[in-house]
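Chemist: Chains as they are written, first to last, in the working numbering: chain A, 1 to 738; chain B, 1 to 182.
The hints are simulated quantities; they were obtained by calculation from the structure and are not laboratory data.
Ideal Cβ placement from N, Cα and C applies to all residues, glycine included.
Any given hint could be a false lead.
Claimed, not checked - Label pairs and their in silico Cβ distance ranges: (1) T106(B) x E120(A): 44 to 50 Å; (2) E156(B) x Q97(A): 55 to 61 Å; (3) Q97(A) x T106(B): 43 to 49 Å; (4) T80(B) x L25(A): 19 to 25 Å; (5) T80(B) x R56(A): 49 to 55 Å; (6) R56(A) x E125(B): 57 to 63 Å; (7) L25(A) x E156(B): 36 to 42 Å; (8) A36(A) x G127(B): 48 to 54 Å; (9) F86(B) x L25(A): 23 to 29 Å; (10) T80(B) x L26(A): 20 to 26 Å.
Claimed, not checked - Heads up, simulated DSS-like pairs for lysine-lysine below, C-alpha to C-alpha not over 25 Å straight-line: (11) K28(A) x K2(B); (12) K391(A) x K350(A); (13) K29(A) x K109(B); (14) K109(B) x K28(A); (15) K110(B) x K29(A); (16) K42(A) x K110(B); (17) K34(B) x K29(A).
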Amino acid sequence: MLDELEAMQRRVERERAARIEAETLLEKKSRDLYAAMQEGEKLTAQLQQAVGFQTRKLLNAQRVAKFGTFVWDIAEELVTWSEGVYSILAIDPAAEQLSVERYYESVHPDDRDALQKLIENGIKDGLAHGDEFQTTHRILRPDGEVRWIKGLGEFTGSDTGPVDFMFGAIQDVTALKRADDEVHQVRKNLEERLSDLEQTRESLETARDEANAANMTKSRFIAMISHEIRTPTNGLLGTLGLLGESNLEPSQKDLLRVAASSAEMLRVLLNDIIDFARLETGQIQLERADFSIHDLADQLVEFWRPLAEVSGNELNTVFDKRVPDFVHGDPARIGQIINNLLSNAIKFTKDGSITLRIGPVGTEQSVLSSGHLKIEIIDSGKGIAKEEQSKLFKEFSQVGSDESASNRFYDSSGSNSGAGLGLAICKALVEQMDGTISVISALGAGSRFCVKLPLGAAAHQMAHSETVAMNPLITADGRKPVALIAEDVPANQMVARLLLESFGCIVDIVDDGVEAVAACKRRKFDFVLMDISMPRMDGVNATKMIHTVSDDDALEPPPVIGLTAFAFTADIDRFHDAGMCDVISKPIHKETLYKAIQAVLQNKELKITETAASSGDTAVDIKALKSLTGGLSTQQVLDIVTQVSVDLDKLRRDAVMFASNGDSSELGRSCHAVKGLASSFGAQALAELAQTIEASARSGDAEAAFATTLKSFDPTTDAALAVYKNYLANYSSTLNDN
Amino acid sequence: MKGIIFTELVNFVERHTSTVVSEQIISQADLNTKGAFTAVGNYPHDEALRLVSSAASILKTPPEDLMRQFGRELFEHLVTGHPDFFPEHIDDALSFLSVVQSHIHTEVKKLYPDSSPPNVSTVVENGKMVVTYESHRPFAMIAMGLIEGCCAYFDESLTVVSESNLGATDNSATFMIYANGP
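Next up, chain A with everything else stripped away, as it sits in the complex (with noise of 0.2 Å):
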């Protein structure tokens, strides 16, 4: 067993040996700890280095970028600013340090309010940890120079707590600003230029549209103005009309053939300038129709095939047979381009070939499949110049216009005006109609004007009627008939006017119902074609006067054809109550025309025996008949005239056998006989034509005779005879009805 003593010695012992080892260990830890502590001397230089450059790069960054931070500890209130701060406030950090007052006073006095409140109210009003605020304001440096600052601030704090730092940044965003407001009065600029250009624009507008104004001003004035000379030009016509019908002598029938011939011109004119003008302004309406675009070119070509040939020229038409015979369309308006077409091939080509081809547009099978249709007139003139070409279809040039004025004084039709319309018309005209118009040509190698339009073949082929022979047409007194056309659409006028002077008449124009009235009163007409819808005064009011007026007048009131695009029913009757005595529609089919001028001719008659009185200037005096079988029975008297119609016809035969014989005693002596029946009969005029002949046979100037009896003997006889053969059938119709 160990004694107190020896436990306590070996007590010390351990407890010596314990701390030498706890001194040895403790001399380790230090060594290590010094080793450490070298270690982490250097470790800190290294990563101060390294603190060093990235702040001096954050720094330079700063400066560059024109960036500050700080963090505003508020509680502490205390703010902690870089470099950058002092820089862009242009304060030395050497020389002062910057606070939250310090930082408000640097501020543009003007923002400095606005700012304040902005992040006091923001901190006052509890701003919670993550919130933002951005503001822009100016500062003021202390050399007075005026920056502006953007900022961005984050406050941080606890997520229940009060926020407590705001971590900022600040820049100078004057460079950027600057920019911008430049931009902006830049942009300004141009918005007051732009604004400006509006303005231009708008005054431009107006005044072209106050100028588009005046020239519709302008045309409807052209257009009024020339229909106004047109009147009485187309008295003047009329006028020198009613003069060719007397004697006159052949020098004196020069001078009014120059004079009419003039006045034509004209007219014609006046058309084309009337229809232009009226073209520019819109006024020219279409119509649509079925019609029989064959018989339409036949009856232009017919009229200018006399013309073509005086100038030596062949005219043909050329008929595609794929072309239907009745298209859909405006007959008068494609007449009219056709015939301005015609009449400048004809113009300008001599000992030449015209033709006018009508065919489909390109390969197709029929007009009817492509619903175009080409028109092409082609001559062999002396063509056009390339430069020429495009000034072709401008208004009021003339290319060739060095033609002879004779050309022109031919030119009757109203197609080749001399102004320079014509093919300025075709082509509004055919715009208007959604076609196109073109030409090719070369100078001495002829033109070929070619127009397309969208025409439709017609939706029913209408058969045409039985050919009737259309003989010129005479009156009762074997006269050229004499008409008068009331239309105001020179197209519609001059299409009337083929028609009718194709029949035999003599034709006369007015532009609407008062001139026709009027026109009624200065001159006999045997009938007139009214069209109804027409300006100051339509058809069926003048229909109406001229009936009123004609009962205190000289002149016998002459039958109306009325003349209608859309021939209603009940607008017929309202036409026969005003006095018409039939009502053709639009277009007008040749055939009908001719048969309704037939029978009004015939009618008139009629209207003859009823108002005989009045009538000192027909073939028959049925008044003096009259009274001259009063007293009668009713067969006594159709056996009476019966017989003068057998007895004047074989002495009128007689008569003109003689003057072909060159038998002048024989002659008188028939011509005598005649003279006592006819006269004894009411034949006024037989009567005194068989007294001329007899009395220049008798003076024995036998040659006269003679000519006057073969020119006037069958004309004049027949229409009396042509007066008995109505007043018997008149007669014996009565006699019927009794």
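For this one, chain A is given, so just place chain B on it according to the hints.
Modeler: Here is chain B on its own, set in the frame of chain A:
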């Protein structure tokens, strides 16, 4: 193992015996270090086991009882001797036990990277706390004593029961801690 356990163990023996007996125990243990431990040193854990065996044979006391008692006294010594290891704001035993692994052993590992503290996990279920102890050292009885010392330190009348009968060679154990007895 950390030197502090050895110095505390020597102090424990010295505290409960006379100088002669305690020197006998140390001598009989035949330690490589001759019992000259310092708190900052590191020593093999079987030195401690030999010391416990020696004490048990000389004091004629079962070694597991010695270990359990050592654990009970060790807790307060550690708390007072190393307050920096202990978490703040902990004022009850169960809270403390629940952060032993996550807080204390984590701190120990930070300071002494080559140390290997035991795994101590806690689960609260059915009105009791279950503490699981796992170590490569047979110190389950020291652990039990430490838990009991902890309860005594916070002056709480908790009952600590081992799931199985433990001896001086057990290196793992499961303890149930009841507030109102099992």
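Chemist: Each hint should be assessed against the structure and marked as holding or not.
Modeler: Evaluation of the provided hints:
1. T106(B) and E120(A) have their C-beta atoms about 46 Å apart, which keeps the hinted 44 to 50 Å range intact.
2. Restraint check, E156(B) to Q97(A): a C-beta distance of roughly 57 Å satisfies the suggested window 55 to 61 Å.
3. About 45 Å separates the C-beta atoms of Q97(A) and T106(B), a value consistent with the hinted range of 43 to 49 Å.
4. Checked against the given bound of 19 to 25 Å, the beta carbons of T80(B) and L25(A), roughly 23 Å apart, stay inside it.
5. Range check, T80(B) to R56(A): Cβ separation about 51 Å, and the 49 to 55 Å hint holds.
6. Between R56(A) and E125(B) the beta carbons are some 60 Å apart, a value that agrees with the proposed interval 57 to 63 Å.
7. Taken as a hint, the range 36 to 42 Å holds for the pair L25(A) and E156(B), whose Cβ atoms sit roughly 39 Å apart.
8. Taken as a hint, the range 48 to 54 Å holds for the pair A36(A) and G127(B), whose Cβ atoms sit roughly 50 Å apart.
9. Evaluation of the 23 to 29 Å hint for F86(B) and L25(A) yields a pass: the beta carbon distance comes to about 25 Å.
10. With their beta carbons about 23 Å apart, T80(B) and L26(A) fall inside the hinted range of 20 to 26 Å.
11. Annotation: proposed proximity of K28(A) to K2(B) holds, straight-line Cα distance about 17 Å (limit 25 Å).
12. Between K391(A) and K350(A) the CA atoms are separated by roughly 23 Å; this keeps the pair inside 25 Å, and the hint holds.
13. Of the pairs offered as hints, the one joining K29(A) and K109(B) holds, with about 18 Å between alpha carbons and a cut-off of 25 Å not exceeded.
14. In summary, the hint linking K109(B) to K28(A) is supported, as the alpha carbons are separated by about 21 Å, within the 25 Å threshold.
15. Taken as a hint, the K110(B) and K29(A) pair is honoured in the structure, with Cα atoms around 17 Å apart against an allowance of 25 Å.
16. Distance check on the hinted pair: K42(A) and K110(B) sit about 23 Å apart at the alpha-carbon level, within 25 Å; holds.
17. A C-alpha spacing of about 23 Å is found between K34(B) and K29(A), which places the hinted pair at or below 25 Å, so the restraint holds.
The structure meets every hint from the earlier list without exception.
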